[in-house]
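Asker: Order-wise, the sequence lines are chains A and B. First residue of the first sequence? That's 1 in the numbering used here, and the numbers climb one at a time after it. First residue of the second sequence? That's 1001 in the numbering used here, and the numbers climb one at a time after it.
Keep in mind the hints are simulated off the structure, nothing from the lab. Certain hints may be false.
To give a feel for the contact side, a few chain A residues facing chain B, derived at Cβ under 8 Å [unchecked claim]:
no. : residue
1   : R66
2   : G94
3   : S108
4   : G114
Output of the computed footprint for chain A on chain B, the stretches with three or more beta carbons under 8 Å from beta carbons of chain A [said to hold, decoys possible]:
no. : segment
5   : 1067 to 1080
6   : 1159 to 1173
7   : 1184 to 1190
8   : 1212 to 1225
9   : 1228 to 1242
10  : 1328 to 1341
Cβ coordinates follow ideal geometry from the N, Cα and C atoms, glycine included.
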Amino acid sequence: MDKKLTLTVSLAAALTGLSGCSSRAQEVTAANNTRICVDEWGSRIDDDYCGRRSGYVGGSRFFYLRSGSPIPYYYDNVRDARYARYGSYDPPSGFTTRAPATTNMARSAAISRGGLGSSGRSFGGRGG
Amino acid sequence: MERRRLRPREGWQRIVEEQGLVWHTQQGVPYWDESGCYVFTLRQIETLERAAERLHELFLKAGDHLAKRPDKLARFGIPDWCIEPLLAEWKRDRPALDYGRFDFGWDGTGEPKLFEYNCDTPTAMLECGVVQWQWKEELFPHLDQFTSLHDKLIERWRYMARDLPGRRLWVTHFDDDLHEDTLTATYMRDLAEQAGLETRGILIDRIGIDGEGRIVDEEDYLISAIFKLYPWEWIVAEDYGREIVRRMDATLWLEPIWKMLWSNKAILPLLWELEPRHPNLLPAAWDAEAVGPRHVAKPILAREGANILISEDGRETARSGGPYDGSPRIYQALYDLPRQDTGYPVLGVWTVGGEAAGLGIREGSRITGDEARFLPHIIEG
Chain A
1 MDKKLTLTVS LAAALTGLSG CSSRAQEVTA ANNTRICVDE WGSRIDDDYC GRRSGYVGGS
61 RFFYLRSGSP IPYYYDNVRD ARYARYGSYD PPSGFTTRAP ATTNMARSAA ISRGGLGSSG
121 RSFGGRGG
Chain B
1001 MERRRLRPRE GWQRIVEEQG LVWHTQQGVP YWDESGCYVF TLRQIETLER AAERLHELFL
1061 KAGDHLAKRP DKLARFGIPD WCIEPLLAEW KRDRPALDYG RFDFGWDGTG EPKLFEYNCD
1121 TPTAMLECGV VQWQWKEELF PHLDQFTSLH DKLIERWRYM ARDLPGRRLW VTHFDDDLHE
1181 DTLTATYMRD LAEQAGLETR GILIDRIGID GEGRIVDEED YLISAIFKLY PWEWIVAEDY
1241 GREIVRRMDA TLWLEPIWKM LWSNKAILPL LWELEPRHPN LLPAAWDAEA VGPRHVAKPI
1301 LAREGANILI SEDGRETARS GGPYDGSPRI YQALYDLPRQ DTGYPVLGVW TVGGEAAGLG
1361 IREGSRITGD EARFLPHIIE G
């Protein structure tokens, strides 16, 4: 019985030209007409807030993105031109789908970077 | 328990490289050493399993004891400001992989004796979980091996998946020259993905922090759950340490910060105090006299066998160098490792969630340092 490995094997094969396993997030685009839930200021929030019968305090509602639109992550604002030109609050004709789970995460601006890793540079790895 | 000489496979370097073990040779000497292997009986493997599982229970007991007696943490070298949040995390009992490697001295008779528990950033995971298994499958397909680490970690990630927001996990490590950290962390990503998680990799020094003290990745996405191959004692000593501990609620850290209790050699005297007749413990104390004239002095926070000193009847008989000279030391009674003509074996028994999960053997000098070679094993009889 073989132990299945995918990332490890391909990274090992590529390591002569790579350092680290850092990866960058991919922008996700809508495969179909897609609805997302936004708050009264246009920030994307979890769909649960729009699904509740009583509604979201402050007025959440669905925003509809056309197929091919980039999908905002949590707290990204649909008033941003990146999204606004692809969608509206008016439901399109036909069916709509929920945003892929991979976009259900939040973004926040870093005010600094590099505050970890100094001990690794001094001791050369973690050992143990 | 017996050591057997073998002829290494033709092109073994390429074979293990293809399995991810690119650090198979260090300074011209094989680290992955298939010129020999260890052979155990099933009964011996069961003894190792039982020892590791029994010790895991003892570590749980020690953690509860420290939560009730935080005054005993004064000698653990943990910053004062960390202690309360650390114990809060212990009591909160959030999800954890709860994996680690118990290092034993043993000659196959009587009870294995614990040297230490590596459970914050344990190494030799790929070697144990994959490379030695593939070696056995190729050379001894009719025999067994004590290696369920790979499958147990997938199972554990699957069990934890529902507790990870969006079933998403970030994995971080230091970008080391040997690529050992890189590939060990990537192996963990592989296992998590096989359990259905979406993973993202980030180098430890690329992590950022936002205005509210929460950590973010290179794309400024808030990191909701992170596996780090980087010791907690380093994290809390670095620039973001205080903010990370203050905002522990914003991120699920794996392993959790309470691993600072278990992976610290200061716990060894406490274990001995709690269970002085435990079959798998060696006497350990803060002063040398309490453990007898043949003892080992160990810095509480050292790694890879650094700054260890063996003393026998007032005579220093072995010493290793390293950068941890300033760290406080504990003393542990000396266990005479079984001598082979190729070195001294130390047996690393893995557990996942308290269950025994595999064995990895390192063979080196009397003090097992980073030059110690990894040897595979088989079960026969």
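Asker: Take the hints in turn and mark each one as holding or not.
Answerer: Results for each hint:
Checking R66/A against chain B: minimum C-beta separation of about 24 Å lies over 8 Å; hint violated. Residue-level restraint check for G94/A is violated (minimum Cβ-Cβ distance to chain B is 28 Å; threshold 8 Å). Annotation: S108/A was flagged as interfacial toward chain B, and the flag holds, the nearest CB pair being 4 Å apart, inside 8 Å. Checking G114/A against chain B by beta carbon gives a least distance of about 5 Å; that is within 8 Å, so the hint holds.
Counting residues of the segment 1067 to 1080 of chain B whose beta carbon lies closer than 8 Å to any beta carbon of chain A gives 0, which falls below the threshold of three, so the coverage claim is violated. Requiring three or more residues with a Cβ within less than 8 Å of a Cβ of chain A, the coverage given for the segment 1159 to 1173 of chain B holds, as 6 such residues are present. Remark: the segment 1184 to 1190 of chain B is confirmed as covered by chain A, as 5 of its residues place a Cβ nearer than 8 Å to a Cβ of that chain, reaching the required three. With 10 residues having a beta carbon nearer than 8 Å to a beta carbon of chain A, the segment 1212 to 1225 of chain B meets the requirement of three or more and the stated coverage holds.
Beta-carbon proximity to chain A at under 8 Å applies to 9 residues in the segment 1228 to 1242 of chain B; the threshold of 3 is reached and the given coverage holds. A stretch counts as covered by a chain when three or more of its residues have a beta carbon under 8 Å from one of that chain; for the segment 1328 to 1341 of chain B and chain A the count is 0, and the coverage is violated.
Checked against the numbered hints above, the structure breaks hints 1, 2, 5 and 10 and satisfies the rest.
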